[in-house]
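Residue numbers (my numbering), protein chains in the order written: chain A, 1 to 114; chain B, 1 to 111.
Be aware that one or more of the hints could be misleading.
[What the hints assert, rightly or not] Listed below are the simulated SDA-like cross-link pairs for lysine to any residue, each with C-alpha atoms no more than 25 Å apart in a straight line:
(1) B:Lys54 / A:Ser101
(2) A:Lys44 / B:Ile100
(3) B:Lys98 / A:Gln50
(4) B:Lys98 / A:Ser58
(5) B:Lys54 / A:Thr98
(6) A:Lys51 / B:Lys54
(7) A:Lys62 / A:Glu18
(8) A:Lys27 / A:Val12
(9) A:Lys44 / A:Ser30
(10) A:Lys51 / B:Ser96
[To be verified] Quick list of the computed label-pair ranges, beta carbon to beta carbon:
(11) A:Glu72 / B:Lys69: 41 to 49 Å
(12) B:Lys69 / A:Ser66: 38 to 46 Å
(13) A:Gly85 / B:Asp11: 43 to 51 Å
(14) B:Asn26 / A:Arg110: 47 to 55 Å
(15) A:Lys44 / B:Leu108: 33 to 41 Å
(16) A:Ile55 / B:Ser79: 32 to 40 Å
(17) A:Gly85 / B:Arg110: 19 to 27 Å
(18) A:Ile76 / B:Glu14: 41 to 49 Å
(19) A:Arg110 / B:Lys52: 36 to 44 Å
(20) A:Glu18 / B:Ser41: 22 to 30 Å
(21) B:Lys54 / A:Arg64: 42 to 50 Å
(22) B:Lys52 / A:Pro70: 35 to 43 Å
(23) B:Ala66 / A:Ser66: 29 to 37 Å
The hints are simulated quantities; they were obtained by calculation from the structure and are not laboratory data. From a predicted model like this one, the values you see are computed outputs, not experimental measurements. Even glycine gets a Cβ: it sits at the ideal position worked out from N, Cα and C.
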Amino acid sequence: NAGVMQNPRHLVRRRGQEARLRCSPMKGHSHVYWYRQLPEEGLKFMVYLQKENIIDESGMPKERFSAEFPKEGPSILRIQQVVRGDSAAYFCASSPPTGTSEQYFGPGTRLTVT
Amino acid sequence: LAKTTQPISMDSYEGQEVNITCSHNNIATNDYITWYQQFPSQGPRFIIQGYKTKVTNEVASLFIPADRKSSTLSLPRVSLSDTAVYYCLVGSEDSSYKLIFGSGTRLLVRP
């Protein structure tokens, strides 16, 4: 049973470009979460999605950031017009419908904005 | 959401038992205590979760006193591969999905 998959593992973008981060949850998991981690800090919650629904996006910046989890395919975290401050590791996690506090994390995508 | 306080770092040697204590003085009645482990360049990994008294699994034990204002993660006979950051999280079932990670405890296991 494959774990949570994220791609790409590393992404370099110039300021002003768009970044698209993908996350495939574990088989059987219908809940997806995105977190951001700055160097030497803990993870910060961004958004919680179920299939085709955003449940809680209270941790998402109001502008330039969006997330989706379509009926088919991976969850996408999209960052438009990236700035240097967006450089961070972005982790996706998934969980089954029960037990949302036990989340399974992917390896992360390290975004570098130059 | 209850705030947690942990030591910034700890050192140990292979084969020793390591106990990491977390303070959560304003823990609510409905809150659970969960511990995650994170290796460099990897996502966190769930270790253990408990509500009160003692919980044990194949990886660790979690001790929670009666007042629940603190908890202790116990790692028996650590090895070099246990070198990681350990996070203590507190949250209720209602908002359990919104994991709140502090700065964690950096455990260094020496040979």
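We went through each hint and held it up to the structure:
1. B:Lys54 / A:Ser101: At roughly 19 Å apart (the allowed maximum being 25 Å), serine 101 of chain A and lysine 54 of chain B satisfy the hint.
2. A:Lys44 / B:Ile100: 7 Å, holds
3. B:Lys98 / A:Gln50: OK: lysine 98 of chain B and glutamine 50 of chain A at ~14 Å, within 25 Å.
4. B:Lys98 / A:Ser58: 10 Å, holds
5. B:Lys54 / A:Thr98: Status holds; Cα separation ~23 Å.
6. A:Lys51 / B:Lys54: Violated, at roughly 36 Å.
7. A:Lys62 / A:Glu18: Between lysine 62 of chain A and glutamate 18 of chain A the Cα gap is close to 16 Å, so the pair holds against 25 Å.
8. A:Lys27 / A:Val12: 29 Å, violated
9. A:Lys44 / A:Ser30: 21 Å, holds
10. A:Lys51 / B:Ser96: 19 Å, holds
11. A:Glu72 / B:Lys69: 41 to 49 Å: 47 Å, holds
12. B:Lys69 / A:Ser66: 38 to 46 Å: The hint (38 to 46 Å, Cβ to Cβ) holds, given that lysine 69 of chain B and serine 66 of chain A are roughly 40 Å apart.
13. A:Gly85 / B:Asp11: 43 to 51 Å: For glycine 85 of chain A and aspartate 11 of chain B the Cβ distance comes to about 34 Å; the hint is violated.
14. B:Asn26 / A:Arg110: 47 to 55 Å: 35 Å, violated
15. A:Lys44 / B:Leu108: 33 to 41 Å: Distance hint for lysine 44 of chain A, leucine 108 of chain B is violated at roughly 25 Å.
16. A:Ile55 / B:Ser79: 32 to 40 Å: Check passed, 39 Å falls within 32 to 40 Å.
17. A:Gly85 / B:Arg110: 19 to 27 Å: For glycine 85 of chain A and arginine 110 of chain B the Cβ distance comes to about 36 Å; the hint is violated.
18. A:Ile76 / B:Glu14: 41 to 49 Å: Holds - the Cβ-Cβ distance for isoleucine 76 of chain A and glutamate 14 of chain B, about 43 Å, lies within 41 to 49 Å.
19. A:Arg110 / B:Lys52: 36 to 44 Å: 39 Å, holds
20. A:Glu18 / B:Ser41: 22 to 30 Å: Cβ of glutamate 18 of chain A to Cβ of serine 41 of chain B: about 24 Å, so the range 22 to 30 Å holds.
21. B:Lys54 / A:Arg64: 42 to 50 Å: 46 Å, holds
22. B:Lys52 / A:Pro70: 35 to 43 Å: 41 Å, holds
23. B:Ala66 / A:Ser66: 29 to 37 Å: 46 Å, violated
Violated hints, in rising order: 6, 8, 13, 14, 15, 17 and 23; the structure is consistent with all others.
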